[in-house]
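Engineer: As a plain string of letters, each chain reads:
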Amino acid sequence: GAGVSQSPSNKVTEKGKDVELRCDPISGHTALYWYRQSLGQGLEFLIYFQGNSAPDKSGLPSDRFSAERTGGSVSTLTIQRTQQEDSAVYLCASSPTGANTEAFFGQGTRLTVV
Amino acid sequence: GQNIDQPTEMTATEGAIVQINCTYQTSGFNGLFWYQQHAGEAPTFLSYNVLDGLEEKGRFSSFLSRSKGYSYLLLKELQMKDSASYLCAVRSNAGNNRKLIWGLGTSLAVNP
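Protein sequence lines correspond, in order, to chains A and D. Under the numbering used here, the first residue of the first sequence is numbered 1, with each subsequent residue one higher. Under the numbering used here, the first residue of the second sequence is numbered 1, with each subsequent residue one higher.
Be aware that a few hints might be false.
Computed beta-carbon distance windows for the label pairs [unchecked claim]:
no., chain 1, residue 1, chain 2, residue 2, range
1, A, Gly3, D, Gln19, 27 to 33 Å
2, A, Gly72, D, Glu56, 44 to 50 Å
3, D, Thr23, A, Gly59, 31 to 37 Å
4, D, Met80, A, Thr76, 35 to 41 Å
5, A, Gln83, D, His38, 49 to 55 Å
Residues from chain D shown here face chain A by an in silico Cβ test under 10 Å; the list is partial [unchecked claim]:
no., residue
6, Ala39
7, Leu87
8, Lys99
Computed far set for chain D versus chain A, every beta-carbon distance over 10 Å [to be verified]:
no., residue
9, Asn3
10, Pro7
11, Glu41
12, Pro43
13, Thr44
14, Asp52
15, Gly53
16, Arg59
17, Phe60
18, Ser67
19, Leu74
20, Lys81
21, Ala84
22, Ala89
23, Ser107
24, Ala109
The hints are simulated quantities; they were obtained by calculation from the structure and are not laboratory data. None of these values were measured; they are calculated from a predicted model. We put the CB at the ideal spot given by N, CA and C, even for glycine.
Bound-form chain A, shown alone (with noise of 0.2 Å):
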């Protein structure tokens, strides 16, 4: 595709349950991130891919985040039992490699923990 896909573009679940994220990057682009966005907030850096390399997992703020790149393509960012203060917008960005490249966002899940 032309640009970073992310799906659902909203997901409503209930507290307990788990959900998953989907971000389809555009094709070629090595970095893949998740990012958390909450109303009138700053980016929640959540994960970095990289190529091959071991992902960056320091931002994940429980052992209930999980989030996989398949291929070195697709993602799958995992929420098991999902809080309220789960709720945001989850963002995807990609980059192709090299320092001087910017990244480039989806337009986010909003998730709704009720």
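Got chain A sorted already, so can you dock chain D onto it with the hints?
Structural biologist: Relative to chain A, chain D alone:
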């Protein structure tokens, strides 16, 4: 630790000039980015600096001083549509982990 600081909010008048500052402390430096984010939308790329000096792109310019760990985004001839959050991000260079470190953003309100 790694840290990026920006003012939380700024207000300016249509037609005026505004400067948004960003200071950073990161593990290595591999470039600084400015992004614009309108409410409810994803961030979009504005500018990139890796060498000291000013980069001009239309009404927007970005400046970098690596020795001072400082950048600013300059917006000229402000328009109402420039009301948005402006995010500063630095690409660190810790080993092979060239991760983007983000500031919390500066919310700019342009008034008529």
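Engineer: If a hint holds in the structure, say so; if it doesn't, say that too.
Structural biologist: Hints, verified against the model:
1. Take Gly3/A and Gln19/D: their Cβ atoms lie about 31 Å apart, and the range 27 to 33 Å holds.
2. Separation of Gly72/A from Glu56/D is about 37 Å and departs from the stated range, judged on CB atoms against 44 to 50 Å.
3. Range check, Thr23/D to Gly59/A: Cβ separation about 22 Å, and the 31 to 37 Å hint is violated.
4. The hint said 35 to 41 Å for the Cβ distance between Met80/D and Thr76/A, and at roughly 39 Å that hint holds.
5. Between Gln83/A and His38/D the beta carbons are some 29 Å apart, a value that contradicts the proposed interval 49 to 55 Å.
6. About 9 Å separates the beta-carbon of Ala39/D from the nearest beta-carbon of chain A, less than 10 Å, and the hint is met.
7. With a least beta-carbon distance of about 7 Å to chain A, the hint placing Leu87/D at the interface is held under the 10 Å criterion.
8. The interface hint given for Lys99/D is met, as the beta carbon of that residue sits about 5 Å from the closest beta carbon of chain A, less than 10 Å.
9. Non-interface status of Asn3/D relative to chain A is upheld: no Cβ of that chain comes within 10 Å, the nearest being about 13 Å off.
10. The beta carbon of Pro7/D is kept farther than 10 Å from every beta carbon of chain A, the shortest such distance being approximately 12 Å.
11. The non-interface label for Glu41/D is inconsistent with chain A: the shortest C-beta to C-beta separation is roughly 8 Å, within 10 Å.
12. Its closest Cβ contact with chain A, about 5 Å, brings Pro43/D to no more than 10 Å, contrary to its assignment away from the interface.
13. Residue placement check: Thr44/D does not keep its beta carbon more than 10 Å from all beta carbons of chain A (closest about 7 Å).
14. Distance to chain A confirms Asp52/D as a non-interface residue, since its nearest Cβ pair spans about 15 Å, more than 10 Å.
15. For Gly53/D, the non-interface assignment is confirmed: its Cβ lies about 15 Å from the closest Cβ of chain A, beyond the 10 Å cut-off.
16. Its beta-carbon lying about 19 Å from the closest one in chain A, Arg59/D satisfies the requirement of being farther than 10 Å from that chain.
17. The non-interface label for Phe60/D is consistent with chain A: the shortest C-beta to C-beta separation is roughly 14 Å, beyond 10 Å.
18. Against the 10 Å criterion, Ser67/D stays outside the reach of chain A, whose nearest CB is about 19 Å from its own CB.
19. The claim that Leu74/D is not at the interface with chain A holds, since no C-beta of that chain comes within 10 Å of its own (minimum 19 Å).
20. For Lys81/D, the non-interface assignment is confirmed: its Cβ lies about 19 Å from the closest Cβ of chain A, beyond the 10 Å cut-off.
21. Every CB of chain A lies more than 10 Å from the CB of Ala84/D, the least distance being 13 Å, so the non-interface label holds.
22. Distance check on Ala89/D: its Cβ comes as close as 8 Å (rounded) to a Cβ of chain A, failing to clear the 10 Å threshold; non-interface status is violated.
23. Separation of Ser107/D from chain A is inadequate, the least Cβ-Cβ distance of about 8 Å not exceeding the 10 Å criterion.
24. Look at Ala109/D: its CB is around 13 Å from the nearest CB on chain A, clear of 10 Å, so calling it non-interface holds up.
Hint compliance for this structure: hints 2, 3, 5, 11, 12, 13, 22, 23 are not met, and every other hint is.
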